[in-house]
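We have chain V already, so just place chain R on it with the hints.
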Amino acid sequence: MNEQWINEMRQKLTDYQWPVPEVSWDEIDRAVAANTARKVRLFWLRRMAAAAVVFLIAGVGYWGLLRHKSEPIVEKQWAQEQPIENRSQGDISRGDRNDVTSQTLHAFFDKRSGIAERLSPREIQEPETVSPVSVVEIDTLNTTKPTEKEQSYAVEEKAKPVNEILPVIYPSDLHQRKHLENRLMAKVYMSSTMAGSRQTESVLILSPHIKPINAIRDSVQNRRVHHRQPIRFGLSLRYRLDDRWSIESGLTYTRLSSDITTIIDDVTTVTEQRLNYIGLPLNISYELWRSRSFGLYVSGGGMIEKCLDASPWQFSLNGAAGAEYRLTDFFCLYAEPGLGYYFKDGSGTPTIYKDHPLNFNLSFGIRFNLK
Amino acid sequence: MSFIGNEEQRLVKRLQEGDKTAASEFYARYGGSLVGVCVRYIADEEDVKDVIQNALVHILSRITEFEYRGAGSLEAWVLRIAVNESLMFLRTKDQHELLEPDYDIIDDSEDYLSVCDIPPDILRKMLNRLPTGYRTVLNLYVFEGKSHQEIARLLGIKKDSSASQLVRAKSMLAQMIRKYNNNNTQRR
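Heads up: the sequence lines are chains V and R, in that order.
Numbering follows our numbering, with no gaps: position 25 of the first sequence is 26.
Numbering follows our numbering, with no gaps: position 100 of the second sequence is 112.
The reader is advised that the hints may include incorrect statements.
As the list claims (entries may be wrong) - Simulated restraints on C-beta separations:
hint, chain 1, residue 1, chain 2, residue 2, range
1, R, 170, V, 5, 25 to 33 Å
2, R, 58, V, 5, 30 to 38 Å
3, R, 30, V, 342, 49 to 57 Å
Stated by the list, open to error - Okay, derived cross-link-like pairs now, DSSO-like style, lysine-lysine, Cα gap no bigger than 30 Å in a straight line:
hint, chain 1, residue 1, chain 2, residue 2
4, R, 32, V, 13
5, V, 13, R, 61
6, R, 158, V, 13
7, R, 191, V, 40
8, R, 137, R, 171
9, V, 40, R, 105
As the list claims (entries may be wrong) - Short derived list, chain R residues pointing at chain V, Cβ under 10 Å:
hint, residue
10, 31
11, 39
12, 55
13, 60
14, 69
15, 99
16, 162
Keep in mind the hints are simulated off the structure, nothing from the lab.
Where is the CB? At the ideal position from N, CA and C, for every residue including glycine.
Isolated chain R (complex conformation):
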């Protein structure tokens, strides 16, 4: 652990000193996590690439301000920037979609759902099929662990709206998962 910490710290130092090789090393190491965040928020592959590029610019421009606070702190910082860049992208490109759409399908079935058999990229596609607003709220709530109050502030929406969008997002996802699982069992 401390070894990882030391390596991370050394990498930060090199980045801060402007070492050119450090940047690609950094990307090789943290690129995966960076992408992992962006693909949840952004549906289009080309857009994901743009957002990652912007995030890298942001990270390398601000690395001198980064303060190393122990193992994992660099990754946490990087992921935060990835979330911010994704939100910024959605705000500029998908502005109208961040507003609450009119869908009103509430799934209240109590049956057990499992995602065990669903590959990650299919799950991601399901996530990406959600309306942008739903997807963003779900991402912030489920993956980033934000409260509805924080989400409301981040997205400039009402707290109630954040909560209701989350319910709808889950409900739509549940329907997709159910459908996928049904198709799969039929095929077997």
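Extracted from the complex, chain V is given alone in its bound form:
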């Protein structure tokens, strides 16, 4: 069929000036006034609801992250492979023990040069609080490349009393996290993994490349690793491909923190291992439902993360369902419960990702829409 007439018809009907009917402006005014009042109410209701949801989630995440107490510890005791040489147990001095701890830590992190320097000195200084004997290695570590950050930590360390026995969350930690959240929440999302806060027995000391150390050969040692909730901040941009599909990427910063408790001859030392990751996620999402300001969607994708401290690259896959509330066309608040699977990173560092490769997580934040 020839389509020419269709175009002609369209032209004709579009160009024609139709007579404009009379309308009742009174009715229109009344309806507009009623709409506006309702809209203002709805606007605040929605905003309050959105804020409540975000605060609720933030609250849960925050408490889960900070207030989670150690669960009953499954301890595994292991004897050292090699027999005692010249020394009896009683001969082991406290200094030796410290040496052990610092050496193990050192060995643990020395796969990459300079890694230990980047870790918080608290980890290294902690053993010192048990005993005043200082260890040479620690000094080297601290002095090779003292960064500003480390110095400030060191000052903090001196200023506050140290709990020698129990794993504690330091006041400075609390302060730091709060600060981080406040600073970043304006433009970013935060995610917390629900499977966190479990301790696992770790065998990191048994790594073959560690030099045998006399002092620990004969000691019976308990070691446990308590992973805290990972915390993730990110900035993401979304690009709409069509009505329903969109692609999303950005940058994430993830911080894993674990308390490693070592018990040697009734002396407990606690060190905190902190790992920082910078990640590049790539997700595709599909919109299931949308109203003017709310939307539901599912998304899936992968992420590549680089650990800044120790481990090499970390790959993960994730899938999530999300709900969003649009503040404007340009940005929206969202919350996304999801499942993530973390592949082995090939290193010996104990991380929550290794202990729980598959975990449930919740992200929320603000997203910017392109197009």
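Chain R only, in chain V's frame:
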């Protein structure tokens, strides 16, 4: 062009500030386009008036959310609202008719058709004689430039159904036009 743009922008600002005279000025200026859309979708004159009134309420209630993006953006927004209001009206009033009717007349004649001699209001009447579903699909496809996929989503029908309704709508229109032209030539 920029003059028109500036005037449009000023009108938007006045509407957003709640200026009472701005509303009637707006209607005097954009009422014609508003009506132009509604008469394509809605057959009954009284219904057209209702839909226009609803569209005006919608426009004036939402004008604060409107973001001026250059000359013509206000009109484009207004026309979009007119289409939406028309569809909403059809959905509530002519719901059953939006479903595909049983007509099955496929016109496959290849002869040349012309609408040159047909006045716009006659064309509109022809359009209005189409079953609501056909008319709506044809309007969305031909006048609003929507794809069958978009139409399917808007009307809650299948993509194939949108395509077949379009074919039938065109075919019925073609028959009407042919008949009209034949009558006209006979009369001359």
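Each hint, compared with the structure:
1. Our hint of 25 to 33 Å for residue 170 (chain R) and residue 5 (chain V) holds, since their Cβ atoms are close to 29 Å apart.
2. Taking 30 to 38 Å as the suggested C-beta distance range, the pair residue 58 (chain R) and residue 5 (chain V) conforms, at roughly 35 Å.
3. The beta-carbon spacing between residue 30 (chain R) and residue 342 (chain V), approximately 55 Å, falls within the hinted interval of 49 to 57 Å.
4. Restraint check for residue 32 (chain R) and residue 13 (chain V): not satisfied, since their Cα atoms lie roughly 34 Å apart, outside the 30 Å limit.
5. With a C-alpha separation of about 22 Å, the suggested pairing of residue 13 (chain V) with residue 61 (chain R) holds against the 30 Å cut-off.
6. Distance check on the hinted pair: residue 158 (chain R) and residue 13 (chain V) sit about 19 Å apart at the alpha-carbon level, within 30 Å; holds.
7. Of the pairs offered as hints, the one joining residue 191 (chain R) and residue 40 (chain V) is violated, with about 51 Å between alpha carbons and a cut-off of 30 Å exceeded.
8. Annotation: proposed proximity of residue 137 (chain R) to residue 171 (chain R) holds, straight-line Cα distance about 27 Å (limit 30 Å).
9. At most 30 Å may separate the alpha-carbon atoms for a hinted pair to count; residue 40 (chain V) and residue 105 (chain R) meet this at roughly 26 Å.
10. Because the smallest distance between the Cβ of residue 31 (chain R) and any Cβ of chain V comes to about 13 Å, over 10 Å, the interface hint for this residue is violated.
11. A distance limit of 10 Å between C-beta atoms decides the matter here; for residue 39 (chain R) the minimum to chain V is near 7 Å, and the interface restraint holds.
12. Proximity of residue 55 (chain R) to chain V is violated relative to the hint, the smallest CB-CB distance being about 14 Å (cut-off 10 Å).
13. A least Cβ separation of about 7 Å between residue 60 (chain R) and chain V falls short of the 10 Å threshold, and the interface hint therefore holds.
14. Taking 10 Å as the C-beta cut-off, the interface hint given for residue 69 (chain R) holds, the closest approach to chain V being about 4 Å.
15. Interface restraint check: residue 99 (chain R) against chain V, minimum CB-CB distance 16 Å, threshold 10 Å, status violated.
16. About 8 Å separates the beta-carbon of residue 162 (chain R) from the nearest beta-carbon of chain V, less than 10 Å, and the hint is met.
Hint violations for this structure: numbers 4, 7, 10, 12, 15, all remaining hints satisfied.
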